[in-house]
Amino acid sequence: MKTRAETFAWNVKNQLGKVHQVASLEKVPALVRRLAEQLGLEPKAVVAAASDLKDINWKGLEVEHRPAGIEDVLGISRAMAGIAETGTLVFASGKSNPPSLNFIPEYSIAIVRESELVDTSEEVWAILREKQPFPATINMVTGPSRTGDIEQTLFLGAHGPRELHVVMVKS
Amino acid sequence: MAVNKGKSVALFATCLVDLWRPAVARAAERLLIKAGFKVAVPSGQTCCGQVNYNSGDQKGARKLARRHIMLLAPFDYVVVPSGSCADMIKNHYPALFGGDLDVQKTAQVLSGKTYELTEFLVRIARWKPAREKGAKRKLVYHDSCSCQRSLRIYKEPRLLLEAQGKYDLQALTGEDRCCGFGGLFSVKYGEVSSHMAGKKTAAITALEPEILTGADLGCLLNLSGKLKAEGSACEVRHIAEILAEEEA
Amino acid sequence: MSKTPLDFEKGAHEALGSATLQQALGKFQTGYPLLRARAMQSLPDFEKVRTKAARIKDFSLKNLEQLTNQYREKVEANGGTVHICETAEDARKTVVEICRQVEAKKITKSKSMVTEELALNDALEAAGMEVLETDLGEYIVQLAGERPSHIVGPALHKTKEEVAKLFKAHHKTRRKRETGEQLVREAREVLREQYFASEVGITGANFLIAETGTAVIVTNEGNADLCRILPKTHIVVTSMEKVIPTLDDLSVFLRLLARSASGQEMTSYTTLVSGPRGPGESEGPTSFHVVIVDGGRSKLLGTEQQALLRCIKCGACMNVCPVYMSVGGHTYGWVYPGPIGAVLNPVLNGFGTMYHNYQASTFCGACEEVCPVKIPLTKIMRDWRTRAFQERIPGLGARLALWLWAAIAANPFLYNLAAGAGIPILRALAGKKGVLKSLPFANGWMKDRVLDAPEGGRFVRGRKR
Ligand code: SF4
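If you read the sequences in order, they're chains B, X and U. Just so it is clear: in the first sequence, position 16 is 16 by the working numbering, and no numbers are missing. Just so it is clear: in the second sequence, position 12 is 12 by the working numbering, and no numbers are missing. Just so it is clear: in the third sequence, position 59 is 59 by the working numbering, and no numbers are missing.
It is worth saying that the hints were derived from the structure and are not from the lab. For clarity, every value in this text was computed on a predicted model and none was experimentally measured. Wrong hints could be hidden among the right ones.
[Said to hold, decoys possible] Quick look at which bits of chain B chain U covers, simulated, 3 or more residues with Cβ under 8 Å: (1) 24-34; (2) 37-48.
[Said to hold, decoys possible] Chain U is nowhere near these chain X residues, computed Cβ spacing over 12 Å in every case: (3) V109; (4) R123; (5) W127; (6) L159.
Where is the CB? At the ideal position from N, CA and C, for every residue including glycine.
I would like the entire structure built from these sequences, with the hints used as guidance.
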């Protein structure tokens, strides 16, 4: 039997997402720097204003906490949950979580804690029902943006990100 | 085979077989006798009404259905050498008489004892052809949509052909795809139908079989006509004829 | 509504003669079943799940009014507006009016079959607004001035070269347009600015959830999300049968939809929108409207054919349909192609006009086997044929022939007489080879195909019993 985290990671990869595992949030900036370097991007990103992402030291990276604009290439968002069954990330819109972070930048990094993983979407609904008011926009993201509209061939990065990096945080 | 002794089977030949290839019905009759049944061919049987039914002519369909319900109901079993006509009697006759409960009841009883030929031989008669020796001939079996989807018949004809041991059964790509016959469809939408048949024959000829067989004469006439137009020499025969064939 | 059937055979003839279309369809025919089969491996209890899905839809349709009211109340409580429109005309007017009020000049739109049904783009353009389709397939079809040929893959019928030509003509820039990758990139860049420049975003919805007042929008590209987030006004245009009771019900459909549509376990983006941007949010529309269209669907409520409103527009039925795979989507002549079109088009656009949609089927049943909500598609096609026959839509000749056949076949004496005359004639016509190459009344059969003549004699007749 796979653990929930293993199932989640397996499904993210199956949906063409990339998975990274880190021990704690503090390790995220270094990972992002490394990724930016590998992708040949400037070390800068728009980052969700979630409190735990605001608190960390983003040394070596130029970060701004705001919605994404047309010029932004790297976005870092904070999922409220991950669904193991399908490798899906769930984002609830709010003051600190603008949905554009998941759609405008060409490269998307999503952070989820392993403790936030659930087995099925039904469990997510149970969590969401507790939220008042109900979030105006909930984005369920499964892998990067894709299209099969040209000769039935799969291309990534149709309108949304061409790469989705999921960072699973252990603690 | 003792269980079969004395039970009566009405053979419903179907109009297409009766008019186009009576040899198929003769072969089916021989098979049923070999399997130990008392075979009757109720006279006055014609067409099950499928053509009218599928064209939206319920009145005409009901007229023919009523006639055949009365004709076929008295027997222990009804056997049909065609998936689509068996399906008509089994699954559609009862629905035709929603307003007439007496006929519907009889139709329901009839439905429960009506079988397509290969299904009947395997599931009810538990009969198998005698094994024959000699070189095996390459054969393709075509599943009709009525057999494979409506009646869920897939293994039965294959079991029979394998038991006979005379044929080398080929696996057909796209075997679940319709051959394009569809009764009047093949005439009304001839070009589309012929194109569909062409996809099927392309898959068949790729296997270079000597024989093509199946349980529905409509499909077989369609494929035979297409194969001939394409210049293929592949022989096309109904499975009843193949199974009833004995060593010379 | 006109009673003259749209010409199916002409369209079919052209489609069968188009090498590029046949190639695209051929690719699809072999590709899709494999993808679907693979995705189904992770849903071993498909049968159970689809039965459940069908039940949820039946329940929803039975309680449609109450659920729609609940949906509307929730949306209104969330700060949005719901418009319920009986006819296509009402719906077009409503959408145009909303766009006028916010002085829209540019509208970005994501794929929605209901808006195709409404011919909404034409109405908006007539009102002086520019409408841009953003789903890549829809965008291509829009540039070409065509209609989608498939409900999930609208530009299935277009080759890469054709797309490159279209882009060259419309974008007026010099770029390399050799690979699919380059074309996807170009569309992305061109459309990107448009989202930011548009005042209104229009999307469809796959489901409406009564419990929370939520519209669910499913895409792979992410274009619907940009239409949702960036313009100041978001309009969801959808049809009445999309309402389901709860979020948990949604989970059931999500397990089926992507697997059936494209052979994925889940589409990339499933978005739940419940109103305008929330308090404190810096993004998302400030004004949110949902337009729910009846368009003739309510005629089906409570009838024997109501099941066809269970449809979740996954496209699986056409993906396995042998007729669709031969003639492509455009031949059907209206918005919905394939088996679902065959049963739905007549309801929405007339049984006369859409005559061939429900006639051109062999009843092979492949569609029903894959339909994730178990719609008895062939049964409904047959029901429509029955209805058409009663309404005398088939020509007199066709009706007379059926009547004659039933009359003869119900009378063994006549039957034997006719057979006794007919069989020898056919055999004589066929000659030594026993093959017929032409036949009055049946020349359709003879298209690149011959017919074996009867072998002679009878089985039923002349038996001593
Ligand atoms: S009829 Fe069934 S298979 Fe066809 S689109 Fe609708 S839900 Fe999908």
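A quick look at each hint next to the structure:
1. 24-34: violated (count 0)
2. 37-48: violated (count 0)
3. V109: Holds: least Cβ distance 22 Å, greater than 12 Å.
4. R123: About 21 Å separates R123/X from the closest Cβ of chain U, which puts it past 12 Å; holds.
5. W127: Per Cβ check, W127/X is outside 12 Å of chain U; nearest 21 Å; holds.
6. L159: holds (23 Å)
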